[in-house]
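Heads up: the sequence lines are chains B and R, in that order.
Residue numbering for the first sequence follows this note's numbering, beginning at 1 and increasing consecutively.
Residue numbering for the second sequence follows this note's numbering, beginning at 1001 and increasing consecutively.
Simulated from the structure, these hints should not be mistaken for laboratory data.
Remember, it's a predicted structure, so these values are computed and weren't measured experimentally.
Fair warning: there could be bad hints in the mix.
[Unchecked claim] Taking lysine-lysine pairs in the DSS-like style, the calculated list, with each CA pair at most 25 angstroms apart, reads:
no., chain 1, residue 1, chain 2, residue 2
1, B, LYS31, R, LYS1473
2, R, LYS1302, R, LYS1213
3, R, LYS1116, R, LYS1142
4, R, LYS1302, B, LYS342
5, R, LYS1116, R, LYS1137
6, R, LYS1628, R, LYS1593
[Unchecked claim] For each label pair, taking beta carbons as the anchor points, the in silico distance ranges come out as:
no., chain 1, residue 1, chain 2, residue 2, range
7, R, PRO1458, B, SER26, 20 to 30 angstroms
8, B, LEU17, R, PRO1083, 29 to 39 angstroms
9, B, ARG302, R, LYS1181, 45 to 55 angstroms
10, R, PRO1083, B, GLU321, 45 to 55 angstroms
11, B, ARG322, R, GLU1499, 51 to 61 angstroms
12, B, LEU17, R, LYS1181, 16 to 26 angstroms
13, R, GLU1499, B, GLY151, 18 to 28 angstroms
We treat Cβ as the ideally placed atom computed from N, Cα and C, and that holds for glycine.
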Amino acid sequence: MAETSTEGTGTIEALSLVPKAEARQSMKDFKSDQEVRWCPGCGDYAILAAVQGFMPELGLAKENIVFVSGIGCSSRFPYYMNTYGMHSIHGRAPAIATGLASSRRDLSVWVVTGDGDALSIGGNHLIHALRRNVNLKILLFNNRIYGLTKGQYSPTSEVGKITKSTPMGSLDAPFNPVSLAIGAEASFVARTVDSDRKHLTQVLREAAAHQGTALIEIYQNCNIFNDGAFEVLKDKQQAEEAVIRLEHGQPIRFGTDGARGVVRDAQTGDLKVVTVTSENESQVLVHDAHSASPTTAFALSRLADPDTLHHTPIGVFRSVERPVYDTQMADQLDTAIEQNGKGDLAALLAGGDTWTVVG
Amino acid sequence: MTSQVSSPAEQADEAVVGEQRKPAGTKNVRRLDRVIIRFAGDSGDGMQLTGDRFTSETASFGNDLSTLPNFPAEIRAPAGTLPGVSSFQLHFADHDILTPGDAPNVLVAMNPAALKANIGDLPRGAEIIVNTDEFTKRAMQKVGYDSSPLEDGSLDGYSLHPVPLTALTVEALKEFDLTRKEAERSKNMFALGLLSWMYHRPTEGTEKFLTSKFAKKPDIAAANIAAFRAGWNFGETTEDFAVSYEIAPATTAFPVGTYRNISGNLALSYGLVAASRQADLPLYLGSYPITPASDILHELSKHKNFGVRTFQAEDEIAGIGAALGAAFGGSLAVTTTSGPGVALKSETIGLAVSLELPLLVIDIQRGGPSTGLPTKTEQADLLQAMFGRNGEAPVPIVAPRTPADCFDAALEAARIALTYRTPVMLLSDGYLANGSEPWRIPELDELPDLTVQFAQGPNHTLEDGSEVFWPYKRDPQTLARPWAIPGTPGLEHRIGGIEKEDGTGNISYAPANHDFMVRTRQAKIDGIEVPDLVVDDPHGARTLVLGWGSTYGPITAAVRRLRNAGESIAQAHLRHLNPFPRNLGVVLGSYEKVVIPEMNLGQLATLVRAKYLVDAHSYNQVNGMPFKAEQLAKALKEAIDG
Chain B
1 MAETSTEGTG TIEALSLVPK AEARQSMKDF KSDQEVRWCP GCGDYAILAA
51 VQGFMPELGL AKENIVFVSG IGCSSRFPYY MNTYGMHSIH GRAPAIATGL
101 ASSRRDLSVW VVTGDGDALS IGGNHLIHAL RRNVNLKILL FNNRIYGLTK
151 GQYSPTSEVG KITKSTPMGS LDAPFNPVSL AIGAEASFVA RTVDSDRKHL
201 TQVLREAAAH QGTALIEIYQ NCNIFNDGAF EVLKDKQQAE EAVIRLEHGQ
251 PIRFGTDGAR GVVRDAQTGD LKVVTVTSEN ESQVLVHDAH SASPTTAFAL
301 SRLADPDTLH HTPIGVFRSV ERPVYDTQMA DQLDTAIEQN GKGDLAALLA
351 GGDTWTVVG
Chain R
1001 MTSQVSSPAE QADEAVVGEQ RKPAGTKNVR RLDRVIIRFA GDSGDGMQLT
1051 GDRFTSETAS FGNDLSTLPN FPAEIRAPAG TLPGVSSFQL HFADHDILTP
1101 GDAPNVLVAM NPAALKANIG DLPRGAEIIV NTDEFTKRAM QKVGYDSSPL
1151 EDGSLDGYSL HPVPLTALTV EALKEFDLTR KEAERSKNMF ALGLLSWMYH
1201 RPTEGTEKFL TSKFAKKPDI AAANIAAFRA GWNFGETTED FAVSYEIAPA
1251 TTAFPVGTYR NISGNLALSY GLVAASRQAD LPLYLGSYPI TPASDILHEL
1301 SKHKNFGVRT FQAEDEIAGI GAALGAAFGG SLAVTTTSGP GVALKSETIG
1351 LAVSLELPLL VIDIQRGGPS TGLPTKTEQA DLLQAMFGRN GEAPVPIVAP
1401 RTPADCFDAA LEAARIALTY RTPVMLLSDG YLANGSEPWR IPELDELPDL
1451 TVQFAQGPNH TLEDGSEVFW PYKRDPQTLA RPWAIPGTPG LEHRIGGIEK
1501 EDGTGNISYA PANHDFMVRT RQAKIDGIEV PDLVVDDPHG ARTLVLGWGS
1551 TYGPITAAVR RLRNAGESIA QAHLRHLNPF PRNLGVVLGS YEKVVIPEMN
1601 LGQLATLVRA KYLVDAHSYN QVNGMPFKAE QLAKALKEAI DG
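The whole structure should be built from the sequences, with the hints applied where relevant.
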């Protein structure tokens, strides 16, 4: 787990090229003068507050922070952050942010997107950003519904979802964003919940410290079109059995007094939930977010029941070091200069076979 | 005859590679002022390479030249078939020329398909060099020859040179440790050697080229050089080629300077690197491979030591998206594509219009619609460039006229983008992209100053006296908004595709504001300063021919023909399609007739008729090939007389 820094980002290597703030910052430094226009009660408010509250901890010059979004309710986010920002077009934020991050390594670039924006119209850009490992932090607000277009099912909606566009129930199987990200070679994948500010902040902290693309799926309540979608994870009593908190290096246990645990099924190699006994306690899986193989992280992402959300792991599934695209791109430029010298335009233009016409 | 060719081993030793070869002078030499040669063969025969090499030899000799590569979209189309024929046409002269030529004087046909596909373009009397080894019964039947055209008299009107190119090549390479198949592959170099002898081309460049191209396979390099020399020696010794030709350098056709041969895509790439230097901004290319634009991506990716970043994206949309992101960050941002890619990029171009950020969209047009003709030329994306977006989304359009002009067009597109903070479309096409011509290499101090000033501080004072930054407060002259890049303290701001309030840039749905913003964005583009249209009209003609883009060469050649025949015709050629030059309306109004030839169904004519209410006459061709000067001259004559 990343250390909590109280002295700015001096200790975070991933942000070493981003200039530091000269003065101590507070949450209000990150609030823009724009009126927030989400529906009252929307989960987005909690996420905004958590992000604005977390940013001072990074201690970065706020002019070097950029939020880029696509289209959808969540994508209004940049307007409310007093940093640089771009509210772009549907699904394209990862592509735009890739251009920005790969050309400006002195920036901390964040992408805010939703389940429709990232997984439907922008699915291609998301998976390619993840495999490239560009230095982006992607916040995927998953409310399992289309909000801004007023309530059609989304690519994360459960099968059979009754919506305006699916009066007899939706037919297509949903994506599991964490599984998808792991399959797309993501180097950092986490899940958290809008209402759990402490957990959300901790995940942001770890994502910020990660070098490369970080994908954070944030379960977010749409109280207008899909209210209570994650209630089972939020209601204190139900959450005991539903939520599995992943912590690197810790046995994966949950339930009252940690009565339940995740073990590997000796027959299938898959993961399963058991009641922990003195006999099987030693077999409870110890979470290793840094494992080179994505296999167990993927198995964890499949643990939850997609309908009831029982056994939903939250926290960092996977966090591994992998070459970062923008770093390598810059390295190639440096290498080219080392090998060929700094570009000489006159020599370039006059290259090849030439001839001279004299008067 | 092959007995007179020295053995390859001796050849490889006897002369230093790269040494200039000269004809022995025992044969007749005839002087010509210009020649059009077409090399044609299977897609796998190396005709493009052969043509490129002959072009380089010709360029370094100092002739004026113009080329027309023409190849199928398939990498290896079925061998020996008509659709699989690949050709390269080169026109070179001792004076200035404008086109790759209408009809070849010489055809090199490597197989029956190449003969069949090209014979129709040859005037009677033209020279045909055929590779007789490929004229087997089966190969001839494959393309519908019932009898051998080499024997049935059907080529009687031509000057036919039957040469067993394959056998001669294999014979010349017999002492190399090569399979027959490997040796046969050098037959294009044998043909190149023969043609190089015939036209007194300098040879050292080709030998150096082969040495460096096959640096890792010295045997193959030596074999190719041996084949090349064998071809030369064959010309020198065989009685079938009684005459060789001299075409003097075009010394008087060119202004003083240093020249090189350059293709449109290379010139465009260099123009972008030059624009980056002149603007003092790093170049960022976001692109997805597409014919015929990919060569720009390839070329720019070689120049990382100029600080050039090239990003091969997952699709066309991500290509322009990344470029736009880089533009937000202060790069000179470019995306390169062809028509189908522009269609995919449309929404992002619209976003760039709304964000008012500089961005170059390079469209190397090809035959459409849809996938169309990927390797053939067309200029049918003009209306897509002009109108292909939702909402009122005006975008300036610049079009180069010749391959070398792509360099200047790139600088001009960058000037407009940077000065006016707008996406700019640059419309090249397959003909310009792959064709080449001599280019006078500019001195760096001739290049335009493109430096820009990023916003540094507040630009507005509120009523309460506080100083603020307004991202949409415009320059009163250009109507450009400030370019405030991330990392600039105090200028933190948010921009987006939603309509924004004038000045503050905050989201605004107010009706009057939207009306104002739509009109202001249009006024900004309409107000772009572009040079007046220059009309070439030495005789006070009544008919004007107006063109744009790559039709410049054929139109100018046609106009010369007409004037030489005593006709009076005025010519003007548009580089700026949006906005049009200020004087265009006056120019159009001063002629009785206006003819607009285009490689589309009349797209410029549509714009001109709509804007200036001029009864412009459209002359169109959409066959994937550039206009031929003769055919165009005939059409213009009809317009003059009509």
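Hint by hint, here is what the structure shows:
1. B:LYS31 with R:LYS1473: The given pair, whose Cα atoms are some 23 angstroms apart, holds under the 25 angstroms limit.
2. R:LYS1302 with R:LYS1213: With Cα atoms ~17 angstroms apart, LYS1302 of chain R and LYS1213 of chain R stay inside 25 angstroms; holds.
3. R:LYS1116 with R:LYS1142: holds, 11 angstroms
4. R:LYS1302 with B:LYS342: The hint holds at about 13 angstroms.
5. R:LYS1116 with R:LYS1137: Holds, at about 14 angstroms.
6. R:LYS1628 with R:LYS1593: holds, 22 angstroms
7. R:PRO1458 with B:SER26: 20 to 30 angstroms: holds, 23 angstroms
8. B:LEU17 with R:PRO1083: 29 to 39 angstroms: violated, 54 angstroms
9. B:ARG302 with R:LYS1181: 45 to 55 angstroms: With Cβ atoms ~54 angstroms apart, the hint holds.
10. R:PRO1083 with B:GLU321: 45 to 55 angstroms: This hint holds: roughly 51 angstroms between Cβ atoms.
11. B:ARG322 with R:GLU1499: 51 to 61 angstroms: Violated: the Cβ-Cβ distance is about 41 angstroms, outside 51 to 61 angstroms.
12. B:LEU17 with R:LYS1181: 16 to 26 angstroms: Violated: the Cβ-Cβ distance is about 55 angstroms, outside 16 to 26 angstroms.
13. R:GLU1499 with B:GLY151: 18 to 28 angstroms: holds, 25 angstroms
Taken one by one, the earlier hints fail for this structure at numbers 8, 11, 12, listed in ascending order.
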